[in-house]
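There are 2 protein chains.
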Amino acid sequence: MGVIKPSLPKGTRDFLPEQMFRRQFVLETVRETFERYGYAPLETPSIEKLSVLSGKYGDEGENLIFKVLRRGTGLEKLLRDESEFVVNDFGQLVDEALRYDLTVPLSRVIAMHQNELTFPFKRYQIQPVWRADRPQRGRYREFYQCDIDTVGTPSMLADAEAASIVFEVLSTLGFQNFKLKLNNRKLLNGLLNACEIAGSQATSVFIAIDKMDKIGLDGVRNELKASELSSTQIQTLLGTLEIEGDPESVLVKLTDDFGDRDPQLLTGVQELQEMTACMLELGVPIDAFSIDLHLVRGLGYYTGPIHESVITEPNIGSLTGGGRYDRLIGMFLGRDIPACGTAFGIERIIDVMSQLDLFPKQTNGTQVLVTAFEPSTRAASLSFAGELRKAGLRVETYFEVCKLKKQFTYAHKKHIPFVATIGPDEASRGVASFKDMETGEQIVADPMGVVQRMVEKQGVGSS
Amino acid sequence: MGVIKPSLPKGTRDFLPEQMFRRQFVLETVRETFERYGYAPLETPSIEKLSVLSGKYGDEGENLIFKVLRRGTGLEKLLRDESEFVVNDFGQLVDEALRYDLTVPLSRVIAMHQNELTFPFKRYQIQPVWRADRPQRGRYREFYQCDIDTVGTPSMLADAEAASIVFEVLSTLGFQNFKLKLNNRKLLNGLLNACEIAGSQATSVFIAIDKMDKIGLDGVRNELKASELSSTQIQTLLGTLEIEGDPESVLVKLTDDFGDRDPQLLTGVQELQEMTACMLELGVPIDAFSIDLHLVRGLGYYTGPIHESVITEPNIGSLTGGGRYDRLIGMFLGRDIPACGTAFGIERIIDVMSQLDLFPKQTNGTQVLVTAFEPSTRAASLSFAGELRKAGLRVETYFEVCKLKKQFTYAHKKHIPFVATIGPDEASRGVASFKDMETGEQIVADPMGVVQRMVEKQGVGSS
Chain A
3 MGVIKPSLPK GTRDFLPEQM FRRQFVLETV RETFERYGYA PLETPSIEKL
53 SVLSGKYGDE GENLIFKVLR RGTGLEKLLR DESEFVVNDF GQLVDEALRY
103 DLTVPLSRVI AMHQNELTFP FKRYQIQPVW RADRPQRGRY REFYQCDIDT
153 VGTPSMLADA EAASIVFEVL STLGFQNFKL KLNNRKLLNG LLNACEIAGS
203 QATSVFIAID KMDKIGLDGV RNELKASELS STQIQTLLGT LEIEGDPESV
253 LVKLTDDFGD RDPQLLTGVQ ELQEMTACML ELGVPIDAFS IDLHLVRGLG
303 YYTGPIHESV ITEPNIGSLT GGGRYDRLIG MFLGRDIPAC GTAFGIERII
353 DVMSQLDLFP KQTNGTQVLV TAFEPSTRAA SLSFAGELRK AGLRVETYFE
403 VCKLKKQFTY AHKKHIPFVA TIGPDEASRG VASFKDMETG EQIVADPMGV
453 VQRMVEKQGV GSS
Chain B
3 MGVIKPSLPK GTRDFLPEQM FRRQFVLETV RETFERYGYA PLETPSIEKL
53 SVLSGKYGDE GENLIFKVLR RGTGLEKLLR DESEFVVNDF GQLVDEALRY
103 DLTVPLSRVI AMHQNELTFP FKRYQIQPVW RADRPQRGRY REFYQCDIDT
153 VGTPSMLADA EAASIVFEVL STLGFQNFKL KLNNRKLLNG LLNACEIAGS
203 QATSVFIAID KMDKIGLDGV RNELKASELS STQIQTLLGT LEIEGDPESV
253 LVKLTDDFGD RDPQLLTGVQ ELQEMTACML ELGVPIDAFS IDLHLVRGLG
303 YYTGPIHESV ITEPNIGSLT GGGRYDRLIG MFLGRDIPAC GTAFGIERII
353 DVMSQLDLFP KQTNGTQVLV TAFEPSTRAA SLSFAGELRK AGLRVETYFE
403 VCKLKKQFTY AHKKHIPFVA TIGPDEASRG VASFKDMETG EQIVADPMGV
453 VQRMVEKQGV GSS
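For the protein sequence lines, the chains are A and B, in the order given.
With the first sequence counted from 1, adding 2 to any position gets you our numbering.
With the second sequence counted from 1, adding 2 to any position gets you our numbering.
The shape of chain A in the complex, shown without the other chains (with noise of 0.2 Å):
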């Protein structure tokens, strides 16, 4: 047999068992959460149509999306037959690609399926998508996003309560300082027209008082005289920018002092007043939000409020972010449906609660191994397991009878906290002699008396 030394494509990762388990923690926490605030699952393909991906992602995006070698043995058969061979259209070669985020599919799915979808449509949406990024620490080609929206409803609780399911989310997995940031697009735009700067400078603008936390305040103010704005502008926006306090004496703030200059600044303020009324009623705590007027996000789909959560140590970015996007979902549909929502980081979630050990000890491996002790035993030592499976423990019961040591050790390498081992004196009476791999401890038990144990011990029953 010829031996293929294999390898992974770049960017690309196995996750063996023991991070599959973290990583399955960390997604039924999350499922569950959106599924207890109203949220259902959607799957669209792994691969969609070239066309409807295409002009979505900016020329940049555009570069990292895979694209699906065309089918057909035609193709194939040139390809594999003719030592050389000419192509004049990029059609002639692909015509799918993988998907590269889950707005996308969610914006088709809504124009394929809008008879067959009530509104609003709460869905969350938890699946890989693929990049061809150069890969890096923490960046990778395939990796899994995991998405909430609620399309049809300008409605500011939709707002509150993406938020509130990023706090509720985050709070459920250990995460303790962390803090989620508002601000609202309606409210930079309309500060931008107060301090009289034009629509056209408005992208350069947002993009240095993006990089606050980078290049500091020195930094966006250099950004912005590059930018052509004048001292005065600069004074005024800065100044504003700055303005810190609890969520209500900010917005009242901004209100008393731009409230008569712009429309479009007063429905921000006010958006943010409803959205953080409700999610105070919805039980966020008031320490755990602040409106942060740097905040911009990047992307330039969004139209009203803008939120991320960010931790303090480690310093890496945000866990999470989202926002209100009211032209984009219709872009298939040719008209504008309201929608809001917000993404989490899962990728990055999982990384920090590593560094961070907020993964509990206990996860869904075996808890407790059945030794093959002799060919006589073994139908008791199968029984044995059977019964502590219909209590729902997870069980495996060791294949080849060998030394005891070996199967011992087995469990160690495992990390299975019990080991059960039936010899003939205990299948005569229906027990098995138990070990506590941790303390050492060991019981004589029938199935009841081991289920009981491990109650005591760990918490641990039908689950």
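Take the hints with a grain of salt, since some may be wrong.
Copies of the same chain are indistinguishable here, so a pair counts whether it falls within one copy or spans any two.
What the hints assert, rightly or not - In silico BS3-like links for lysine-lysine, alpha-carbon gap of 25 Å or less:
{"hint": "1", "residue 1": "LYS213", "residue 2": "LYS255"}
{"hint": "2", "residue 1": "LYS437", "residue 2": "LYS415"}
{"hint": "3", "residue 1": "LYS363", "residue 2": "LYS255"}
{"hint": "4", "residue 1": "LYS363", "residue 2": "LYS183"}
{"hint": "5", "residue 1": "LYS7", "residue 2": "LYS51"}
{"hint": "6", "residue 1": "LYS7", "residue 2": "LYS58"}
{"hint": "7", "residue 1": "LYS416", "residue 2": "LYS255"}
{"hint": "8", "residue 1": "LYS392", "residue 2": "LYS216"}
{"hint": "9", "residue 1": "LYS181", "residue 2": "LYS392"}
{"hint": "10", "residue 1": "LYS407", "residue 2": "LYS437"}
{"hint": "11", "residue 1": "LYS363", "residue 2": "LYS416"}
{"hint": "12", "residue 1": "LYS437", "residue 2": "LYS405"}
{"hint": "13", "residue 1": "LYS416", "residue 2": "LYS437"}
{"hint": "14", "residue 1": "LYS183", "residue 2": "LYS216"}
Just so you know, the hints here were simulated from the structure itself, not pulled from any lab data.
With the hints as your guide, set chain B onto chain A.
Relative to chain A, chain B alone:
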């Protein structure tokens, strides 16, 4: 805004919420069962190097692999800018491809991570695969596979465990008229030896007898004649394949008839004796399985026990299939590792469960809608919803204040079974009017009263 008419690539599907809840119900059941037997999750990238997949699936399979166009600005630029370009090597265009099955990735993982894994390695894997097959009813280009495998033991207990898990999963999902068919490749090979059929004829003979269910005994006889078997050979072979009865008596008869003629046949018989004994000890009822000597299972790589589960109504072929393959998993490692397992035809299982109406009525969809009565009761409504969520219920709050009729219609369309409404009077008393959408019954209750009512009604509580 230009409207793009959206559509899906051939052979792919969107899974809307109702379908997703059903899929999740099945996948969670299998996953929970796998974990109760100590199988641990594995995930591999969707994209593999083409060199890893090539040459593994036969000529036909090779043509069905989805290939991914090379990335990099060089190629993309060439393809987009030139009016025509010359390709003189397939490898210039493609270097990666989409996962075609779960066995080749498992073999690659074993080779790449052998020092991180504990053997026997028991893993399950539930992920999509892609095949550029001609789409037809029940056959898709993107579909989930669901495999369990044990790598690293020759023990028949591992084979028995795989078959037992099939029994447990199908029973748990509600299937009743299914049967496990067992056979053994060593037994089949030995039988051919005993009939003095040449090794060169083995493949065509296996192909013929595998068709018994489709073309009947006469059909098989004709095919065997065409394979130039003598009439004595055909008579002995077909006569043997017709042996029926309980597993033990079939195996005893085979031993009596051929035991002295071929050692391989005897090994096959002994393996099945051991395997079936273990299955009984694992709790599989004796009438749930039988020896079916016609069973061949198409794939060439099996080396020992093979098994399939079939249901009689509807007659749609097998729901699961697996066996032992001691010489496959080492393809990247250069040395053999014994292995066995089974694949669950999860897409077919889901289809058949729909046909047989085996899904529970309750999904993980919303259980309670809290209406938006008027702005002044929003705080009370959101707080009430929060209390229900804390008790584990899945609760939506309607986003916009509007006519209650519209909100009840929303609940009706989404099959939400209960609606809670909080007007000013209810708000002041901390209660809600709580309506059972099925019976029309209405009560007034506080959050705990609502939870109590739902436990009584649906057996749902904190989940």
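Could you tell me which of the numbered hints above are not met by this structure, giving the numbers in increasing order?
-> 3, 4, 7 and 8
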